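Read in order, the letters of the sequence shown are residues -23 to -1, 1 to 435 in mature numbering (1 follows the signal peptide of the UniProt record, and there is no 0).
Please note: incorrect hints may appear among the correct ones.
With a Cα cut of at most 27 Å, we get these calculated DSSO-like pairs of lysine-lysine [to be verified]:
(1) 188 with 234
(2) 175 with 188
(3) 175 with 234
Listed next, with one range per pair, are the computed distances between beta-carbon atoms [claimed, not checked]:
(4) 352 with 21: 28 to 34 Å
(5) 417 with 173: 29 to 35 Å
(6) 417 with 166: 23 to 29 Å
(7) 379 with 50: 51 to 57 Å
(8) 57 with 172: 42 to 48 Å
It should be emphasised that the hints constitute simulated quantities derived from the structure, not laboratory data.
This structure is a prediction, so every number in the text was calculated from the model and none was measured.
Note that CB positions come from ideal geometry on N, CA and C, so glycine has one too.
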Amino acid sequence: MKRTQIRRRAVAAAAGLTAVVLAACGPEVSSDAESGAGDTGPADGTLAAPDTDAPAGEITIWDRSGDLYEVFDGVIERFTERYPDIVVHHEAVDIDTKLPNTLIAGADVPDGVFLDDAKVAGLSDHFYDLSAVLEPYLDDIAAQKVDVNTVGGRIYGVPWDLNPGLLYYRADILEEVGIDPASIETYDDLFAAAEQIKAARPDAAPIHLEKEPFLSQLWLEMFASQLGTSLADENGELRLDSPEYRQILGWLDEVNKAGLGTRAEYLGPADLAALESGQQVFVPWAIWWDFAPQQLLPQTTGLWRAMPLPAWTEGGARSGAMGGSSFVIPRDAENPELAWLFYEFLVFDPEGFQAVYGPNAIYPDGLNTSVPSYAPAADPATPLFGPLDALGGQDLWPVAIEAGEQIPGGTPIPQWWAGAVDYLGDNLQRMFDGELTPEQVIAESTEQIQTNLVDRAS
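Kindly produce the complete structure, drawing on both the sequences and the hints.
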């Protein structure tokens, strides 16, 4: 994947979350009887699997253009071998722009859509409840993925990928300075390691500090996920004012004030330069950062390694979720039951998930920017993608699987989350600028988000 594609994903995520907020301000979603939704399913909007041994029909599946579209497209032939009477129309669509308006209009609605986890809850009134069809698989799906797709006790998305947070580091610099990566078990240990590196390399500011407001808020939520919390609880109530966020913000503030952090925009020119030069040594980020050494860091490719994130408390979780996607089935779909068969094959069938994550035309060594959220597909002893030369031949699969297993459960992401970037995301940057203390970030952001977003959404 090219750098422009990587950064486009981040921008698209921000735009898509905003689209959810805007859609929530549109016309009220009517009931099934009023809107005509659910004509192909039960009146309560709960989807059931087809009751025939020879399912037939046509489905339209929306995915974003790019690498994942090509990966999913490559699986369709295998699916149609299994179900020869189902025709799949696979379309590359600007989902973040097109989906909300299409759902509201109720015309030309696709049968299935690839959607960021962050958007599922905000549009869930338009989707089938998938609790019944998912029931046989639930015990084997990562709890965090089930939780982010659950609204009011109903599951609205087919959980797909898991995006565990990892700590990427320059193995050569740690060896040069005499730091054993295994000794970095807590964030206090990481702080101490950064101090040791800076003492040996005065120009270093070893820990990445994210500069872009949207991504910095997403990054903050990764840390919060480790502690089993998030901006909103399961009822959508704001819970930023908490000991967990004080601990995280306090640590980030200390890193910044001590000169131990490089503040840069994710994979922007300044970030890449700092990574190549050795100014930046530690990157706590989601698994998908592995694209950087694979394609964007030619001078230091092969020198990077990955390990689980440090824990906030001794013995605490060594990872948190940062991003993720699922598949949804709109209630105005023509053939929702057939769309379920497609996603069941893609996510839960060995032939399907091996085709997605294993070696393919797009990823010759396998798709390595996430791991499956379905336990039988995420067997540490049976890797679906191979070792990464960009990580010095490291086998990232067991590292990521172990990290994913440690992610605590989560909650649905509220529709106002994107709007909170104007407050929390910006205030986090103001803290890095020295304008706010961690306590002020919490106090000001809480008041702003509650008044301007939460209260208005209720």
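Hints numbered earlier in the text: which of these fail when held up against the supplied structure? Hints 7, 8 contradicted; others consistent.
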